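Peer 1: Please dock the two separately framed chains into a single complex, following the hints provided.
Top to bottom, those sequences are chains A and B. Residue numbering for the first sequence follows the numbering used here, beginning at 1 and increasing consecutively. Residue numbering for the second sequence follows the numbering used here, beginning at 1 and increasing consecutively.
Quick caveat, the hints were computed from the structure, so don't treat them as lab data. These numbers come from a predicted model, not from an experiment. Ideal Cβ placement from N, Cα and C applies to all residues, glycine included. Everything hinted at is true.
Now the stretches of chain B that chain A is said to cover, found in silico as 3 or more residues with beta-carbon under 8 Å: (1) 269-275; (2) 278-284; (3) 292-306.
The following label-pair restraints were derived from C-beta to C-beta distances: (4) B:Y282 - A:D37: 28 to 36 Å; (5) B:Q265 - A:G35: 32 to 40 Å; (6) A:S52 - B:Q265: 21 to 29 Å; (7) B:I360 - A:G35: 54 to 62 Å.
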Amino acid sequence: MSEPAGSVRAQGVREPLVRLEGVHKWFGNLHVLKGVDLTMQQRDVVVVIGPSGGGKSTLLRCVSLLEVPTTGQVWFDNQDITDIRADLNEVRTHIGIVFQAYNLFPHMTALRNVTLALEKVLALSNDEAHDRAMDQLARVGMGHKANAYPGQLSGGQQQRVAIARALAMEPKVMLFDEVTSALDPELVGEVLEVMIRLAGDGMTMMVVTHEMGFAREVGTRMLFLDEGRVAEEGEPREMFYHPQSDRLRQFLAKVL
Amino acid sequence: MAVREATSIEPEVAPDVRGPTAPLPATILALGVASLVVIALGVVVSQVNYALSDRVLTQNCLNEQISPEDNGAIGVCNIVEALADPLTTGSLYLGIGLGAVALVLGASTYRRMDNKRRRDQAITGAVLGTQAVLLALAILWFRSATPGLFSKHFLNFADLQGYGGAFVRGARNTLILAFAGEMGGIVIGLVLGILTLSQRRAVRAPARGYINFFRGTPLIWQLVTGYFLLLFGFGIRLSAFVVAIIVFALNTGAYAAEVFRAGIQSIERGQMEAARSLGMSYTQAMRYAIVPQAVRRVIPPLMNEFVILIKDTALVVVLGLTANEYDIFTLAREGQSATFNATFFTVAAIAYLIVTLPLIRLVNAAEKRLRSGLVGIAGAGG
Chain A
1 MSEPAGSVRA QGVREPLVRL EGVHKWFGNL HVLKGVDLTM QQRDVVVVIG
51 PSGGGKSTLL RCVSLLEVPT TGQVWFDNQD ITDIRADLNE VRTHIGIVFQ
101 AYNLFPHMTA LRNVTLALEK VLALSNDEAH DRAMDQLARV GMGHKANAYP
151 GQLSGGQQQR VAIARALAME PKVMLFDEVT SALDPELVGE VLEVMIRLAG
201 DGMTMMVVTH EMGFAREVGT RMLFLDEGRV AEEGEPREMF YHPQSDRLRQ
251 FLAKVL
Chain B
1 MAVREATSIE PEVAPDVRGP TAPLPATILA LGVASLVVIA LGVVVSQVNY
51 ALSDRVLTQN CLNEQISPED NGAIGVCNIV EALADPLTTG SLYLGIGLGA
101 VALVLGASTY RRMDNKRRRD QAITGAVLGT QAVLLALAIL WFRSATPGLF
151 SKHFLNFADL QGYGGAFVRG ARNTLILAFA GEMGGIVIGL VLGILTLSQR
201 RAVRAPARGY INFFRGTPLI WQLVTGYFLL LFGFGIRLSA FVVAIIVFAL
251 NTGAYAAEVF RAGIQSIERG QMEAARSLGM SYTQAMRYAI VPQAVRRVIP
301 PLMNEFVILI KDTALVVVLG LTANEYDIFT LAREGQSATF NATFFTVAAI
351 AYLIVTLPLI RLVNAAEKRL RSGLVGIAGA GG
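Bound conformation, chain B alone (with noise of 0.2 Å):
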């Protein structure tokens, strides 16, 4: 009995059926992690070796137009010296020689490997070899032209000091624009987007006009234009936040229009003709059996629109916002212009990067979960 019940236990995991490795595969994927970590790590370790010891400025750095008179540029100084140092060379060089071995060798056997793991490991192995190559040789391109002159620009932090709190500022402004004007969007492009799918060209045709003009037409020209004409036009005086979250509200709807259109449409027809035989009208077909479900496929593409609309609040910078109105973007271009330093842009776009990527992971989640029908639309047939 026991040994009975033994047996009917069934693996809780399937089994690994890609077979052992061999010692060629595994020297081939060894060889292409090796490349890339010899580089990473000489680069590295040259740079904080750097950073951290005392120095003063070398003639190399001189020659790279980096003055004693700069603020920060001993720590440019040492960025330079750092690439140039041999540790950095020498890495370069033995990760370019060892990922060339690994792309050889993996380019040139996995076909012959006899199952999936030893191919896998050849081919990874081979792929990871070209990364280390590539990398290496921008690095040295970058090295041999003028670093000195490209890190003092971007890459010198020492005028960032006390900005922290107008960065978290500029980032809140920022969510702000892009938020409002998405929810705007929104609302926009469902009324827009019912109003295409019309049966009636005389419905159709002034909300296709909307869309058109407002996605053929640069996003910066409806900005400066909308705020003179609602200023000059209208004589009406708004700020110019206002005003942008107004144009981004019109400029997103006619996207998310497009968006609602491809989504009501995606929903099988039998949905508004089981609706309409029950007798429901149109509007109640679409705001109980339709939109309901339309809205659950739209999710990820509209967050991804709200991505988009992030970076596209930058195009602000063209209007006058006041200094506690500063999106991340206008504020670095103040910092910028005050300092001549674009080391601002630099953490520009490391905060853009701080509010988009969590964004996108979620979007590709929503995706995801989407795709497999988890959210209960996965309609007949389940």
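This is chain A alone, in the form it adopts within the complex (with noise of 0.2 Å):
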């Protein structure tokens, strides 16, 4: 990847990785997104908490231009993506999304869920694929399902399942659209534990959450998007504990 021109790489200050300027996102009339700014670097963990319809799921669909920002720039590994000249296939290759809804394809098994666009957009040969969709599924815990269809499966297992579908694809950043959302009580913990493993091996990753305690521990910085703003950022403990708006204070006190 060419580095714009008259940049400077100063030693120890790594580039970001996705950055966001200025993006808002217009639904017909409604302003969802009104002005945001991000930048995540490698191996950041970045939390986005906030009421509902305040635009998180909205922001993280944004980074991956699976919704178009009405106006900003959405920059991923120094190329911007938002210009319209952007191959957002080959970029997409690099950021895995898992969604609330699992959406996984529910008529192929779990194995093909993974190999498909293993062999068809990355033009893996059948057994590389193979080879490579059994590992990630053995790194979600799914290895003995491989061969089960969707139908078949938890609402946990398809979610892991998803997740390894989205790995395989080997991404720079993995973005989680409330993942929990849709489980059980009992099939959050296996979920969320992936996740904390994925962080560990050093994952640079978007979390939008419910899972307070996820946030809290995992993210090594939080957003808190309410109406449509970042209100507050920093570091997750801090803002947990010392909260400086009201916004998040009445927030917090709400859900924990």
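Peer 2: Next up, the structure:
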């Protein structure tokens, strides 16, 4: 990836992997994001919390251009991917997303869910795709269910397969969009466990979540998104124990 | 130990909690059933009785323009005479009486029945009684007009001897027309359906125009115009049979397009997003993720379209088919114009039913299967 002309990389200062500049998003007349700036360094685990309707999911989806910002820029790996000439299919192979509703392909086995894009997008051979998929399924503890269809799996198992599917592309960043919100309470743990291990392995992650414990323990940085703006930003523990704004104080009082 | 095992055995069927019956509801149900049976037996027995007996043309039949020169005149006359027979008359009035009693008793008492079985019996008895009354009245009405004239034209099977093979060939040709048309229509429909889902109006507009045109004009007009458009407009001389298949495909394509569009739209948005987030292009996402799921969902409606097309192939009657290309309906029309006997159309209807009824059953089974999620497309949350 070529560097933009004139950029100087000072020693010890890492280039941000993801950078959002002044991102606004309108849905019709609904102003969902009102000028969000965000940078993510490698190995960052950025946790996004906030009341529903505050724009958390929209922000996450803007990072991979699943939602196109109405105005503002999104930079990924030093490339402006809001530029209409950007090859989004190529960019998206480096950005893994896991959705609230899992979105596994129901007509394919867990294994096929993982190998499909490896073969069709990354053009790996069947054997390579199979091996890589089995590695990732094993990594999320789903190796034994490789040949099961999504309909035969519990929500937690489906979500772990979805994580393996995204990981198999070997993305540079993983986005998690309220991935435990649709799960029965007793299944939340197994998914969080996988995510904690992933963060431990140094994966760059953006996590929209209502799991405050996860946010506090795993997040390296936290955004409090309220009414389309980053109302507060900082180190998670600091924000939990010393919230600066009234809005965050009220929010934490409700969810904790 | 043995006792314990015995008690732990679960009953294999759910217990019947509808409760025992009682004399009154059982009587109502019996009356309802009896009313229908009496009518059916009376009519059928007297028809069979007359059909098996040697009879001559009666004055009654001669009055209804059944002449001795007509082929099959005796058989037609038997139908008329059997309808007028006292056995028929008696069974009709008896059926009306029984049915009316079942209706009145059932309707007035079902609310007071104190368990499910009794209430079900009272209601069913009343319903069957009503059906018997309506059926008997319809037969009486039919009998009071000119049943002879009708039977002479539609129930005179004498002229159909030797047409068995022709009807089998007709059924085969009907199926060829419908099947080839449906296959072509599915291909056209899939392409059009995807085009109508485009973000771009420039892509959508022609597809929509095509669909609206073929849905908005009569198929019979499309057949005739298509034939002459090819012949005079483009100088292409094709047999009417082939032209018909082409027009059926074009027409079915418009309907199948709507089916595919709805099928694709019924796939959750998240499926497309998941595919795109893995770096697949729109085309790849459609091909591997969306369309395979949509296809399963559109099988029942497409089969339904096929059944409709089987019946619509009758419209080829307006094109000049050669004798070995005759479909069921054209064959019937030809037979009718050769003999002035419309019973060919009665047999045609039976032939269509023989083809369509199994398909209709298949569609219903497929829909049921799809609803119960047995096809494996139930999706997340299973």
